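J.: Here are the chains, one letter per residue:
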Amino acid sequence: MILVEGLSKTYKVARRASGLRHAVKALFSREYTVIEALRDVSFTIRPGEIVGYIGPNGAGKSTTIKIMCGILMPDRGTCRILGYVPWKERVPYVRHIGVVFGQRSQLWWDVPVMDSFELLRDIYAIPPKTFRDNVELLTEALELRDLLHTPVRQLSLGQRMRCEIAASLLHDPAILFLDEPTIGLDALSKLAVRQFIKTINKEKGTTVILTTHDMNDIETLAGRILLIGGGSLLYDGTLAELRGRFDGAKRIVAEYRPNPHPPRVHGAALLEWAPERAVLSVDPRQTSVTEVLDQLSRQVELLDVAIEAMPVEEIIVRLYKAYQL
Amino acid sequence: MKTRLAGTRPMPAPARAVRPLRAYASVWKLRMLQGLQYRAAALAGMATQLFWGFMFVMIYDAFYSHATVAPPMSLRELVSYVWLQQAFLALIMLWFRDNELFRLITTGNIAYELCRPCGIYGFWYAKLLAMRLSVALLRCFPLLLVVVFLPQPYGLMPPPDAAQFLLFLAALLLGLLVLVAISMLIYASVFITMSPAGSLLLFGVSGEFFMGAIIPVPLMPEWLQRVANALPFRWCADFPFRVYSGHVSAEEALAGLLVQAFWLAVLVALGKRAFDRALARVTVQGG
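Going down the list, the protein sequences come from chains A and B. So the first sequence is numbered by my numbering: it starts at 1 and just counts up by one. So the second sequence is numbered by my numbering: it starts at 1 and just counts up by one.
Bound-form chain A, shown alone (with noise of 0.2 Å):
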């Protein structure tokens, strides 16, 4: 249902170094410089998917879901949603679609979260009693009701962030775009707003993109995974698939009596160490976790023993390093 193929596009970006003369001569002349945001970006994403959409800042994740919307047109390439052209096609396609920008909010600041959502219902034309329907799943489920008729505001971030997710949805879209949902939220707003794009997902259906930094997202929600770095796309698949990849080492946290000297373990690295407590990395293929206990047993006197995978921040660290990014 997103078929997106062969998408490019450049940003023409003035460019002028700092000072007072530069800042005359660039009155008369304008140096520029050509930024390649997006280079042939193809993708297809099935109904129903929750994919999340990964990389470094300055990769082109942005263009690339702003051109998705349909607020930006791209240089080259075609691209296919719900059989629209979004940027050709714009007024029709966009009543399908849902968005929230992260660092952006839609709600008026002024007035009630409660009219925000009213002027939605006349500019999309929900019905009205879908309108109540949805209002009231909304605010049972992201737990608004307090919130309602307070303006925005005064509202706290994640407060606001919830406000935001519900307006963005109360027009039942198909398709959901998440772009940098959680960022700045705390750890209990962060885990509401995951738990809500997965109950969505599961119970309407509707597809979800998102484009986070916080790796956790992607863990507990995203199946599928598109990683784009300099422009161009560099994986495609699951997180399964990319643990399978780059995994293989494990934590193996051991705390013990205070022992003066660091732990020597033959087939494990030592990441971190002190009197009580060392962190090392095995690679369970080469050296098995039991070898590596036994070995440390017999240098010092364990307390407790934690084993761990690699956490997903530490896989896109390396897949980063892989693609040089």
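Calculated from the structure, these hints are not laboratory results. Do not take every clue at face value.
Straight-line alpha carbon distances no greater than 27 Å define the calculated BS3-like cross-link-like pairs of lysine-lysine that follow [unchecked claim]: (1) B:K272 <-> B:K29; (2) B:K29 <-> A:K88; (3) A:K25 <-> A:K12; (4) A:K250 <-> A:K204; (5) A:K129 <-> B:K29; (6) A:K204 <-> A:K190.
Cβ pair distances, simulated, as ranges [what the hints assert, rightly or not]: (7) B:L36 <-> A:K88: 36 to 46 Å; (8) A:G205 <-> B:S206: 55 to 65 Å; (9) A:T44 <-> B:L258: 41 to 51 Å; (10) B:H66 <-> A:A17: 57 to 67 Å.
Because the structure is a prediction, the values reported are computed rather than measured. For glycine and all other residues, C-beta sits at the position ideal for the given N, C-alpha and C.
Starting from the known structure of chain A, arrange chain B on it as the hints suggest.
T.: Showing chain B alone in chain A's frame:
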């Protein structure tokens, strides 16, 4: 967190007829409600306008008492003009507080506006209309109440008859619509230049002058009047205010209303074109 979404079928977006006028009316209403909250600003504005009004009245009075030639407008008509100008300032000033929409463009929050299924032109037109009307409503009544009771010829004189008054209201409303259409053209230019200052300066200064916001058009020299007549600006302020005092006769007023309607059609058409082209080339700011 509860999940009571179970049991709802996923709803494909049905083919509902989107009624854009309904959407525009809704955003107009919301912006009015928002604007009517700013009471402190209204009070401050009213004090300023009273002051400016008195100042102008005294200046004109001084000029008139030493006039060597019979001026084209009587002092009473001129004084009424000044007071109407001050009372309805929000409806005629080009540079007025349009920062909200400018910021939408420069910060990139316009991204959300573009994701709505209605034409941006109509949407912003409605917002702008509401912005000006809400401010004007807050300020004009108290101010008019004061100046009506001032001793003549320094106060606002009543209109010659009811018909003239109705014509005045019609002219004022049409003038406002024309003004908003001009403002929309300024916005279209901001899309390209990314800086509102330049456009505002250009349009704001020249527009205001030719609108009759500094001095009424009949008081300008001949050649300048000809320039003013060719531009749409004077139909926003100069024309309605002179209709009120009867300086413009009823027949002329009716003809003038037609001219206003004509300018409105032209400017809206130009504005829509400009917006479409600007949006096609827009780069939404911010990553």
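J.: With reference to the structure, classify each hint as holding or not holding.
T.: Right, here's what the structure says about each hint:
no., hint, in the structure
1, B:K272 <-> B:K29, "22 Å, holds"
2, B:K29 <-> A:K88, "30 Å, violated"
3, A:K25 <-> A:K12, "19 Å, holds"
4, A:K250 <-> A:K204, "37 Å, violated"
5, A:K129 <-> B:K29, "22 Å, holds"
6, A:K204 <-> A:K190, "21 Å, holds"
7, B:L36 <-> A:K88: 36 to 46 Å, "40 Å, holds"
8, A:G205 <-> B:S206: 55 to 65 Å, "56 Å, holds"
9, A:T44 <-> B:L258: 41 to 51 Å, "57 Å, violated"
10, B:H66 <-> A:A17: 57 to 67 Å, "59 Å, holds"
Hint compliance for this structure: hints 2, 4 and 9 are broken, all remaining hints hold.
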